[in-house]
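**Q** Chain by chain, the residues run as shown.
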Amino acid sequence: MLIFEQSRSGRKATAQSPAAAADLSGLPEAFIRKEKPALPEVSELQAIRHYTNLSRKNFSIDTQFYPLGSCTMKYNPRGALAAATLPGILNRHPLAPESHSQGFLSCMYELQEMLKDVTGMKGVSLTPMAGAQGEFAGVAMIRAYHQARNDDARTEILVPSAAHGTNPATAVMCGFKVREVPVNSDGDVDVDALKTLVGPQTAGIMMTNPSTCGVFERQIEEIAQVIHDVGGLLYYDGANLNAILGKVKPGDMGFDVMHMNLHKTFATPHGGGGPGAGPVAVGERLLPYLPTPIVGKEGSDDAPSYRWLTDKDIPETIGNLSAFMGNAGILIRAYVYAVMLGKGGMHRVGEYATLNANYMAKQLEKAGFQLAYPDRRATHEFIITLSKQTKDYGVNAMDVAKRLLDYNLHAPTTYFPLLVPECHLIEPTETESKEAMDEYIAAMASILKEAETDADMVRGAPYTQPVKRLDDVKAARELDLAWKA
Amino acid sequence: MLIFEQSRSGRKATAQSPAAAADLSGLPEAFIRKEKPALPEVSELQAIRHYTNLSRKNFSIDTQFYPLGSCTMKYNPRGALAAATLPGILNRHPLAPESHSQGFLSCMYELQEMLKDVTGMKGVSLTPMAGAQGEFAGVAMIRAYHQARNDDARTEILVPSAAHGTNPATAVMCGFKVREVPVNSDGDVDVDALKTLVGPQTAGIMMTNPSTCGVFERQIEEIAQVIHDVGGLLYYDGANLNAILGKVKPGDMGFDVMHMNLHKTFATPHGGGGPGAGPVAVGERLLPYLPTPIVGKEGSDDAPSYRWLTDKDIPETIGNLSAFMGNAGILIRAYVYAVMLGKGGMHRVGEYATLNANYMAKQLEKAGFQLAYPDRRATHEFIITLSKQTKDYGVNAMDVAKRLLDYNLHAPTTYFPLLVPECHLIEPTETESKEAMDEYIAAMASILKEAETDADMVRGAPYTQPVKRLDDVKAARELDLAWKA
Amino acid sequence: MPFIPHTEQDVQEMLETIGVSSIEDLFDEIPPQLRAGELTQVPEALSEMDMMRRMRERAAQDDGALCFIGAGAYEHHIPAAVWDVATRGEFMTAYTPYQAEASQGTLQLIYEYQSMMATLMAMDVSNASLYDGASGLAEAVLMAVRANRKSKSRKILVPGTVHPSYRSALEAIVEAQNIEIVEVEWDQQSGTTLLDALGPFTGEDITGMVIAQPNFFGQLEDVNALTDWAHAQKALVIGLVNPMAMAVLEAPGNWGEKGADIAVGDGQPLGVPMASGGPYYGFMCCTSAIVRQMPGRLIGRTVDLDGKPGYALTLQAREQHIRRSKATSNICTNQGLAVTASTIYMSMQGPDGLANTAGACYQNTQALVEKLTSIEGVEKAFSGHNFHEVALTLPAKASAVLEKLAEREVLGGFDLGLSYSSLENTVLVCVTETKTDSDLEVYKLALADVLTELNG
Amino acid sequence: MPFIPHTEQDVQEMLETIGVSSIEDLFDEIPPQLRAGELTQVPEALSEMDMMRRMRERAAQDDGALCFIGAGAYEHHIPAAVWDVATRGEFMTAYTPYQAEASQGTLQLIYEYQSMMATLMAMDVSNASLYDGASGLAEAVLMAVRANRKSKSRKILVPGTVHPSYRSALEAIVEAQNIEIVEVEWDQQSGTTLLDALGPFTGEDITGMVIAQPNFFGQLEDVNALTDWAHAQKALVIGLVNPMAMAVLEAPGNWGEKGADIAVGDGQPLGVPMASGGPYYGFMCCTSAIVRQMPGRLIGRTVDLDGKPGYALTLQAREQHIRRSKATSNICTNQGLAVTASTIYMSMQGPDGLANTAGACYQNTQALVEKLTSIEGVEKAFSGHNFHEVALTLPAKASAVLEKLAEREVLGGFDLGLSYSSLENTVLVCVTETKTDSDLEVYKLALADVLTELNG
Ligand SMILES: Cc1ncc(COP(=O)(O)O)c(C=O)c1O
Ligand SMILES: Cc1ncc(COP(=O)(O)O)c(C=O)c1O
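Protein chains in written order, with the UniProt record's numbering: chain F, 1 to 485; chain P, 1 to 485; chain C, 1 to 456; chain X, 1 to 456.
The hints are simulated quantities; they were obtained by calculation from the structure and are not laboratory data.
Glycine included, each C-beta is placed from N, C-alpha and C at the ideal position.
Only true hints are included.
Below, computed lysine-lysine pairings styled on DSSO-like, alpha-carbon distance capped at 27 angstroms: (1) Lys312/F with Lys397/C; (2) Lys484/P with Lys308/X; (3) Lys362/F with Lys12/P; (4) Lys177/P with Lys150/X; (5) Lys312/P with Lys404/X.
Facing chain P, from chain X, some residues (calculated, C-beta under 8 angstroms): (6) Leu26; (7) Glu112; (8) Ser126; (9) Gly310.
Output of the computed footprint for chain F on chain C, the stretches with three or more beta carbons under 8 angstroms from beta carbons of chain F: (10) 21 to 31; (11) 48 to 62.
Using the sequences plus the hints, can you model the full thing?
**A** Structure (structure tokens):
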């Protein structure tokens, strides 16, 4: 039942707004709203009961194993929420004077420094509000760099075919043409093909490493050489940073610019689709173009003072990408996570994320599933392909994913990357226990049996959720995007 | 699965305790624990996931209509939680000096004053930690009163047969013998019988008004007369205060002492069984005996100062009933509720609670259910008896209660009061909407049909809960009260 | 190991299964020269207790002043229930509802959000959110360019009364798209955009026009006239509004003859804390006619195999994960949790509650203006009407006054001189329903005091 | 109408159904002379916003001092997750799990709690909670009297080292039960209960004896010897303990030859905030032999109709709702939510975490003693060993010193002179894991300063 269907005209069971209507007679009629919005009129209890019950129709990290590949659904420490909701932090106005901001600014400055360290980069701007906006900032900086050199011929961004959809979409938003780079059957980029694609038109390349194939791009140094040789720059999509956190720094691989997804690697909650944070980090060459604002530090280490750096300090900046400084509350959570992890913990993230993925990969292989890259080490995630099951039993990757829900396990990412048919991209993350993974492995083995013996049943899954499979075609054809009385 | 079954020896996935063990070598061996307690060893995520999922196996006010009679399961404002968890309130040490307690004490003092007003009493002590401890305090004061007068013959407390179990249990804890007073078929006390029971041995009577029969005791003034005439005192069990809040004051009915259940009438959460708070209020005669501590006010209204009153101020007190001042955090919530309700809201509570109960009673009667007291007004709650259904279909009060769970509605109180056979005691409270009640009424009508057509099915209910009916006999015979590895 | 559950035994068993002898072996495909050394800027781990202590100390440093700053972020009462429910694990730790059957909670909630936002804006449809108001404005401009197929100019009129940071974000984001952003001059007397200022553009090919209500100065624009003028030029109208204000002010869908085509803005006032600037969310509504040009996610109502109603992502062919380089935007992760809170907030306000809250903001602002303008030399900078922000001209430099006010724990507003060189002595002040009479009095006394100190 | 959902139309329809014309009519059975007039001490309603503002102001009044008071309530770190989960609506707004099938969450949690508390105390079983430690002690005494059928004396020995408020609550609660509470003298040198002091009782009919560990002075009692002595008199032993301390100190079930018969205490240290004294909870454990004499609820594991494990209230025949005047106690509502928090807390600490936390308390206390006794005239009041509280003798009246410390925002401890006339110059100081070295230094400097001021 929708909240609107619980609404009754005139219901005002609330202690949440002034009891009386204000006198608006000072405002001319022309400005005044004529017809009330049809917002629901419910009691506090009704609202709480409704939304509490709605929440119970979700899977989540707090309630289920959620190995959604490329999304790093790791434990989100509740301590980070507690810190971010301290009144002095929660209620700080974004334009509060620096005299009333030293506490907040010191956290942001320290976060910048930590991110520089783990990325091996020279400068960080925290402002992008998600990975895709980080990509935008990064590619816009590449553009600014070439423009500043009057290098106007650079109209192309290279993107491996396995890349996430935001990569090509971003390149286009930044005014570039996109050229796809093929990927070999072992998951690495086809470097020979790459060499034929580069030239003076090459503004740069966007890469994920480990790639979205769940393997480490072994020729990364050669690729960097190829791109740099023709005058292009390398963009690192940090969505998979969890795999190598504390093990390899993107800056050392030759990347010039990158974003991080703090809602992945730094354990800030995904919130049912966001918010995230996508800070950008750059090497020497792109420092002048970082998006604003950034936090600067002055004075001695004993008595530091922090201030905002804006376009007055960074005149060649690509500018500001939001009204204020981006998703500050998420940045605070990421800072807290980094502080609680510490140096030692930071080194462990990649290790245990990788251990878990390789363990699951091996066990699923033993259980009869086909790995997409059986001869490669898995990184923090890995791919199985269900082509055989699709052919043999007519049970495809989506069917298996839906059936997992009946086992009270969230499905992995399906049908991404596009170049592996019928695929599951599985990312357990380092915070899941062996027992949780064993449960998933057992469920997959059981579903495989079900596919053999009762394919129809599997194709009809799920059966235990609030709804069965939904009619997506109807959703798109008979668009119903808003409730009407 | 139990949390213990998820434990693995040596798992230390926590940022919640010092990383290293302390040096205890300063302590002699004899004091030191030899064998570790078998507490679970789980990660933070495992703990959160486990207890989050456990919570999802509960019905609650926030998720279901919960008309548990005598328990006043009304909406618990979240604002009260927010106020009670403000750091200055949450972290205040109970023995903090008065210089650091004026904020807290002012709230407690104001709560005392408000409770005096709504009860029509002369003094309040907030310290009892639940209704039953309030009863204890009240009856102990009655005892102290008679003792102070050297009136040693008063060895009996009268209790109507419909009374809650805590009433007789309390009287015994206070050293009295319990005599039951019969109740008429209209729900009122049998005053003639009462008259034969009273005498110089009568210490007092414990009454609930409205009674647990869900009707207002109409002869209360006469009863007060009878008791007072023989030198006894009247105790008011305030569990049903919600029915008359703002409408009738117990002090005006002739009661000498009473408790309130703030977790009922003042909307503090029930917490899966507690904590509650059971302040006592007294008339003039019992003022000297109030349990300590109490908050006193000094100085002018403009510059008040508050301090604890202890046995130095109240030398004849029955004493302290807890280490400090009782369930302070619950008292804060009740204070906040009273403040948000205000005078107007306080008057409305009884009105709408009564309106809802009478509406449901009438509709259930129309739907074919038998009211226990059809000729009486319902108060904030009412009773139906399922004797007929038990006889006709073999479907009893418990079966119907269990079947309600399948309709996603919490069952009412069953088999209480004991004097009405096969009964449901139903209390909707004022915070439930007509729609919620209509849903319940429709479910009851539907269950009645089911009883007619498929009694076996109803007797097997529930079917939709995490477990089916449990084997209580086995639970008692093969006692398993603690997990063993 | 904070957050990592592995026991020694787990690790051994797993390594055996994999067939390697150490975790280190799992990294053997990485060229050794790429392996990182020790981190130098990450200190040793703090326990949650030590972390909280640090954070409490830092939070306390910034806390305690009375805040009269608005300028795009507004202090409103947020019912305790809103975030209690929004931070339930099932909402907070889920991700984008790709598995619809296991995400009906989030999906239905967004559908309800879309419905609420559409009715609040008096528009047909709403998306599921964009990052914030400023980037949302940029997306709206990009959308207008896509949607107004008849216009070839790619020219967008943007009044100078639009939030300066929104305008610079707009420039930064559409920079590479060959779009001409033209600033429309504002009237110094009324602080609004006059039809006169549009005269030079009449008859030109204009792709779209942005109209802010209230505008950055808190002034009310003549939205009806501006909308009709823009439509007469065949431009699409982008209404940029404060959603709280729409409880009492006419909503974009009802502006002028035909209503705005797109409504956009920042959802922060609806239950989202100020939190140093985010996470907030950009809302975006539009007419049905152009919904296929919308960026961001959309949730549709449909049915399941049994015909039971359910909710799912729809029109995904607009999005990057399907359309890649041809998508309407690169947005992927949006601001879901802030939207969750806003939806609960709106349900707990209702139409009357929201109107009363907005009305209280307006009244309190009027009251503060009266108080402050009773100080000599303090005047309203502009004629006309305001909602809950107002530009006040001071008898001193705004920056100096604000600094001295801050020393007195009053954050007095936004220094308009930072963005408008003609307004060096003007401060933009905001008052919401959270302020009491005594707060206003505190401000007045502090200001009088500061002005005496500065001007002798 | 805050919290009441009825519309005018709802009310009309409902009145019609009932067949009356006004709500007032529903009260027609109440004698008119009993009807209340207007409330005079209840002010007009505040909105949640105004209420929160008042409460923030009042909370701030009491906030900010460093707290070294213990004496029955202890400041410990509480993981953020504990109350985030405990305050989920499903836990917080449910009631006693009478409908077992719809309460498996609470029931299983309490079963886990019982299991954890039993293992922490090294006892067989635990109940589901009592109100607090003090009233819990009274219930333990009543239980011992019921359980020790062979003893006729109804005499209970209670050392003077037991918390004075616990002793007075005990007296108040068992007052009418004809029980003789006998105070055992304590040794002024060691601050503990010596076997010597028990000499006069040897060979008597003693029903039970209370043994506190640590005792009120923070001193460690020779629990093994005391337990064996009591058992030799056929008395039941009631161990009164701080549950946090039991992570490192020997637990009641292992005291002496046979272990204590009942363990009781306050669960507050395990994840429950100090909150001005409550809600805390009293825990109670006992041997299997006497479980049927236990007061309070018990949850048992059983199976459902399908043989699936499940949890239910059991041995209810001990309770007031079944047995009425013959019940083991009148307790009904207990302290469920605090128990919920404690259960989560214990699961997040584990045996090692809890031991490390307890160990840090011990260490920090040692460190403070060292610091403070370096001030001239400040000395440990007693020989022997402590856990995390210590009695320090000062060269001035404790009450005066504490008052002056409070002015310096240090709450320096509990004035033992309030309860022990011989200890006017002695303060009971507590240090937990929450205190840093610099906190201890702050205390030291403040104390030195105060003593200089007082003693010149
Ligand atoms: C590989 C990759 N790149 C980029 C992104 C985009 O990040 P965001 O969703 O934070 O915009 C994602 C996230 O889904 C991703 O998996
Ligand atoms: C009528 C009646 N009296 C007394 C009590 C005891 O109150 P409490 O459970 O708070 O101890 C109750 C509560 O269940 C009750 O319903």
